[in-house]
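> In order, the protein sequence lines correspond to chains D and S. Residue 4 in the working numbering is what sits at position 4 of the first sequence, and the numbering runs on without skipping anything. Residue 112 in the working numbering is what sits at position 112 of the second sequence, and the numbering runs on without skipping anything.
Rather than coming from a laboratory, the hints here were simulated on the basis of the structure. Computed from a prediction, not measured in an experiment: that's the story for all the values here. It is possible that part of the hints are untrue.
Covered, in the sense of this in silico footprint (three residues per stretch, anywhere, with C-beta under 8 Å from a C-beta of chain D), are these stretches of chain S [stated by the list, open to error]: (1) 63-71; (2) 105-112.
Cβ pair distances, simulated, as ranges [as the list claims (entries may be wrong)]: (3) D:Arg-186 to S:Glu-137: 35 to 43 Å; (4) S:Asp-80 to D:Ala-56: 56 to 64 Å; (5) S:Leu-15 to D:Glu-88: 44 to 52 Å.
Even glycine gets a Cβ: it sits at the ideal position worked out from N, Cα and C.
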Amino acid sequence: MRLNHLSLTNFRNYARLELGLSDRLTVFQGANAQGKTNLLEAIHLLATGRSPRVGAERELINWLALESSLPYARLVAEIGAAGDAPTERLEVVLELARTPAPGGGGGNGPVVRKQVRINGVPKRGLDLIGRLRVVLFLPEDVSLVAGAPTERRRYLDIALCQISASYCRALGEYNKVLSQRNALLRRLRDEGGDSGQLAFWDDQAAEHGSVLLQRRAHAVSELNRLAAERQRDLTGGAERLQLGYLPSPDPAKVIASRSATGGDRFAFETAAREQTAGWLLAHLRATRGRDVAAGSSLSGPHRDDMAFTVEGHDLRTFGSRGQQRTAALALKLAEVQMMREATGDMPLLLLDDVMSELDAIRRRTLLDALAQVDQALVTTTDWDDFTPELLAQARRWQVAQGALERVTA
Amino acid sequence: MSQTLARPVSNLIELLSRLPGIGPKTASRLTFYLLREPNGLAEALSTALAALSVGTVLCQRCFNIAEQSPCPICADLSRDQTLICVVEEPMDVLAIERTGAYRGIYHILHGALSPIDGVYPEKLRIAELMERVRVGEPREVILATNPSLEGENTAAYIYQQLQTSGVSITRLARGLPVGGDLEYTDEVTLSRALEGRRSM
Numbered sequence: 001m002r003l004n005h006l007s008l009t010n011f012r013n014y015a016r017l018e019l020g021l022s023d024r025l026t027v028f029q030g031a032n033a034q035g036k037t038n039l040l041e042a043i044h045l046l047a048t049g050r051s052p053r054v055g056a057e058r059e060l061i062n063w064l065a066l067e068s069s070l071p072y073a074r075l076v077a078e079i080g081a082a083g084d085a086p087t088e089r090l091e092v093v094l095e096l097a098r099t100p101a102p103g104g105g106g107g108n109g110p111v112v113r114k115q116v117r118i119n120g121v122p123k124r125g126l127d128l129i130g131r132l133r134v135v136l137f138l139p140e141d142v143s144l145v146a147g148a149p150t151e152r153r154r155y156l157d158i159a160l161c162q163i164s165a166s167y168c169r170a171l172g173e174y175n176k177v178l179s180q181r182n183a184l185l186r187r188l189r190d191e192g193g194d195s196g197q198l199a200f201w202d203d204q205a206a207e208h209g210s211v212l213l214q215r216r217a218h219a220v221s222e223l224n225r226l227a228a229e230r231q232r233d234l235t236g237g238a239e240r241l242q243l244g245y246l247p248s249p250d251p252a253k254v255i256a257s258r259s260a261t262g263g264d265r266f267a268f269e270t271a272a273r274e275q276t277a278g279w280l281l282a283h284l285r286a287t288r289g290r291d292v293a294a295g296s297s298l299s300g301p302h303r304d305d306m307a308f309t310v311e312g313h314d315l316r317t318f319g320s321r322g323q324q325r326t327a328a329l330a331l332k333l334a335e336v337q338m339m340r341e342a343t344g345d346m347p348l349l350l351l352d353d354v355m356s357e358l359d360a361i362r363r364r365t366l367l368d369a370l371a372q373v374d375q376a377l378v379t380t381t382d383w384d385d386f387t388p389e390l391l392a393q394a395r396r397w398q399v400a401q402g403a404l405e406r407v408t409a
Numbered sequence: 001m002s003q004t005l006a007r008p009v010s011n012l013i014e015l016l017s018r019l020p021g022i023g024p025k026t027a028s029r030l031t032f033y034l035l036r037e038p039n040g041l042a043e044a045l046s047t048a049l050a051a052l053s054v055g056t057v058l059c060q061r062c063f064n065i066a067e068q069s070p071c072p073i074c075a076d077l078s079r080d081q082t083l084i085c086v087v088e089e090p091m092d093v094l095a096i097e098r099t100g101a102y103r104g105i106y107h108i109l110h111g112a113l114s115p116i117d118g119v120y121p122e123k124l125r126i127a128e129l130m131e132r133v134r135v136g137e138p139r140e141v142i143l144a145t146n147p148s149l150e151g152e153n154t155a156a157y158i159y160q161q162l163q164t165s166g167v168s169i170t171r172l173a174r175g176l177p178v179g180g181d182l183e184y185t186d187e188v189t190l191s192r193a194l195e196g197r198r199s200m
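Hey, can you work out the whole structure from these sequences and the hints?
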């Protein structure tokens, strides 16, 4: 599928923007803080329902619009499949609601309400995901390797949600169940009570959590295979990258798994989904006392992680900044490939000023990847990051203070 | 509220806007409508509102809201007193009564278990249900809580508590809406309907 048109109203520093994007390759050039990243952020939000930048959602609304009586931002993407398939219109409206909190109290100030429409029909946020699939490359991707486990889980979740609606649903349900379970565990710790109340939440956590464990295990093994190839290209065969899934609970460490599977180690890759659910449930029951004492769920896919190793060395602790950056790039390139294999369709590539951080060989690998995709949007501060041949194929825009100007010649 | 409005008017607007689903705009529209309405609607409304707390009690058997205890449904001996339908809210009783297909009695929990919202078993009429089952020895308890996460949790908890009592426990079936279209049914509902299929 392709992104044909982007329209923004009051989004960040864009008061109004209508942008045709029919070309395969589009490059946006501009100095810092002119609005290049905001364009990619808008597309990411339309594709996944959330901004890649974490922080207050109200900042997404143009600050001048915030002064008006009805502050809102509107993002619209027109996407079309190849050939003569009808185009789809994805729309996200962010509205600053001034409604006070229920109960008539002062409340927590204004909240941002997000409304999703697809072809003009109101839909749930969930329905948006997976229609326009994107892979976003950011300079801060290095934190996928060097940062906290949350970032890696968030990364896996966004990638997998775009591939599979059932994963996305399981994730939503799991998170709901987890907060209920944690609330109950806190109460059982502080005030005691019948721990039998946990039974239902254990069942539900196992039911939905097993989907997450299995899909993630499968995805990481795919990414491992694909990223190793990309790493070879990126380092001229000098380094062998390995990705490992660190699930929670980890079958390698859990004793309960031995009794449940008759001695053999439990493996998500070979188990049926129901078996994984049964295994997870057995673990949750076996560790219930620990969870109650802690007043929170100590194990489960919400504690998963992913390991990056090169020749047995953990890159998170032992990798140089350059190695971490290369591994993150290999991961993202692997994700592009994984999405294509899983959906039969090339995702849209969004590259935010990543060229300047890379050396010649890594740049060339990335440009090779660009040459293979159906559509890519790239930002840069410097035209010289790209070869003249590449620029000749691209539609070029100059970005200055929330306005675009076509560059020819 | 601004000083320009008469105190009774601003008071009513403020009170109405505390109601669920009513914002300040609707509240003021309602207030001014009541102010001008010629047929004594405001007086009738104020009488009705006053009667709301004075004139109602909780039925001490099923905990429905009624004018006296036991409520007309519990007092109706033509109904099957050995069949108890457990629901979350009084409104659910109305829904089931509208079907005309149910001739048993009810038990109203007044909510669903939800740890996040601080709703634990002791906040609901669950102990009272246990007592009813123990004393009354009904032949069947129908769990008709909502098919939401919290409703399912409530049903599972009550089931767990009643398991040893020997009473037959059933749960409302989940599946396709009548007159609905298979093609447009969401995956979760459809897979539940498949699980709950029946032989013909």
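> Hints first: check each against the structure and report whether it holds.
Checked hints:
no., hint, result
1, 63-71, "violated (count 0)"
2, 105-112, "violated (count 0)"
3, D:Arg-186 to S:Glu-137: 35 to 43 Å, "holds (38 Å)"
4, S:Asp-80 to D:Ala-56: 56 to 64 Å, "holds (57 Å)"
5, S:Leu-15 to D:Glu-88: 44 to 52 Å, "holds (46 Å)"
In this structure, the hints that do not hold are numbers 1, 2, in rising order.
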